[in-house]
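Engineer: This is what each chain is made of:
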Amino acid sequence: MNRRWLLFIPLAGFLVLAVMLWVGLGKDPSSRDSALIDQPMPEFSLTALDDPTVTIERSDLLGHVTLVNVWGSWCPTCKDEMPQLLALRKAGVRILGVDYKDTRVDARDFLNRFGNPFELSAFDPDGTLGLDLGVYGAPESFIIDAQGIVRYHHTGYIKPDDVKDTILPEIQSWSSS
Amino acid sequence: MVLFLRLGLILTLALATLSARAAIEVHTFDDPALEARYTRLIDELRCPKCQNESISASNSMISKDMRAQVATLLAQGRSDDAVKAYMVKRFGDYVLYDPRLEARTWLLWGGPLLGLLLGGVIIWRVVRARRQSAPGQLSAPERARLEALLAAHDEPSRSREHPND
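Note that the protein sequences, when read in sequence, are chains A and B. Every letter in the first sequence is one number past the one before it in our numbering, and letter 156, counting from 1, is 156. Every letter in the second sequence is one number past the one before it in our numbering, and letter 10, counting from 1, is 1010.
Next up, chain A with everything else stripped away, as it sits in the complex:
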């Protein structure tokens, strides 16, 4: 019996490894799946950005699909993301803005200059909700369904193409289910 083909096993193993490493090279190392996908949105209680006496809680999100956007006036890419968020709001998406590690004055100034896409704006100066969401840099966005379950996670800024290609389809798919 000719068993020379056995000699090719190491070559096959090498090829498999090479393909896996090659695919790994093409991946964006800063983008990572959130540990919260299909988990309930964490409980939170934060004050509203424009009114310290008003609190915003997890229960305020229930009943609608919501895009949660973690941002800060100190973050330059958040500025670039604003037109996309405004477009989403125009398309009827409800957006909760979480002002992360910021001051109220700077944040309000930022929204006055670049527009305010947020139906709800929560103020998170210590990053407590950010930590519970596993946010490690702004901007980051999450889609929460009407039952308060995290369904989608977007690391980094929402590019103009992402609005139609990923965010709106995701919002629609969770709205209909």
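Any given hint could be a false lead.
Cβ pair distances, simulated, as ranges [as the list claims (entries may be wrong)]:
#1 19(A) / 1143(B): 42 to 52 Å
#2 1052(B) / 19(A): 51 to 61 Å
#3 60(A) / 1115(B): 20 to 30 Å
#4 15(A) / 1075(B): 50 to 60 Å
#5 23(A) / 1119(B): 49 to 59 Å
#6 26(A) / 1068(B): 28 to 38 Å
#7 1151(B) / 14(A): 26 to 36 Å
#8 1130(B) / 17(A): 57 to 67 Å
#9 3(A) / 1060(B): 46 to 56 Å
#10 1068(B) / 37(A): 22 to 32 Å
#11 1143(B) / 23(A): 49 to 59 Å
Calculated from the structure, these hints are not laboratory results. Quick reminder that beta carbons are idealized off the backbone N, C-alpha and C, glycines included.
Go by the hints and put chain B onto chain A.
Structural biologist: This is chain B only, laid out in the frame that chain A set:
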């Protein structure tokens, strides 16, 4: 002049290391055992913002927050595993430098052992195959052929020993 430049450079570099060190804040614990656990935990947790840095080494905003959170959780009396689970729940398995053994990671942990076993089996089979085909184990027809070859080889070589004869 050169001496002054050198001194200035040394001083600048020394000051630079000072400021770099000062940026990593220190969490103080009353209990040295708690402090030891804290120091070990922040070495075992990986900064999610960075590619390959523990939260003890990284100066990023998120690492600072995570260090503070580790200190708070330890002060609350949580176990090391509970602190790790807390971080994994938020940031995923990425934050663990030591991946846990579970259904998804068995290949990661078992892969080297599997490779060792496979290599061992291959070596064992090769050695066994060699031993079986060792000299002296020729079959009868092979032996006859070998003797015929040796005999045929002997004749001409002897005649070449004294070419002038």
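Engineer: Against each hint, give a clear statement of whether it holds in the structure.
Structural biologist: Taking the hints in turn, this is what the structure says about them:
1. Under the hint 42 to 52 Å, the C-beta atoms of residue 19(A) and residue 1143(B), about 51 Å apart, fit the expected range.
2. Evaluation of the 51 to 61 Å hint for residue 1052(B) and residue 19(A) yields a failure: the beta carbon distance comes to about 23 Å.
3. Take residue 60(A) and residue 1115(B): their Cβ atoms lie about 54 Å apart, and the range 20 to 30 Å is violated.
4. Evaluation of the 50 to 60 Å hint for residue 15(A) and residue 1075(B) yields a pass: the beta carbon distance comes to about 52 Å.
5. Look at residue 23(A) against residue 1119(B): about 26 Å separates their beta carbons, and that is not inside 49 to 59 Å.
6. Taking the beta carbon of each, residue 26(A) and residue 1068(B) are about 36 Å apart, inside 28 to 38 Å as hinted.
7. Between residue 1151(B) and residue 14(A), the C-beta spacing of about 49 Å breaks the proposed range 26 to 36 Å.
8. Between residue 1130(B) and residue 17(A) the CB atoms are about 29 Å apart, so this pair departs from the stated range of 57 to 67 Å.
9. A C-beta distance of roughly 55 Å is found between residue 3(A) and residue 1060(B), which places it inside the suggested range of 46 to 56 Å.
10. At about 26 Å, the CB distance of residue 1068(B) to residue 37(A) agrees with the hint of 22 to 32 Å.
11. Separation of residue 1143(B) from residue 23(A) is about 57 Å and conforms to the stated range, judged on CB atoms against 49 to 59 Å.
Consistency with the previously given hints fails for numbers 2, 3, 5, 7 and 8, ordered from lowest to highest.
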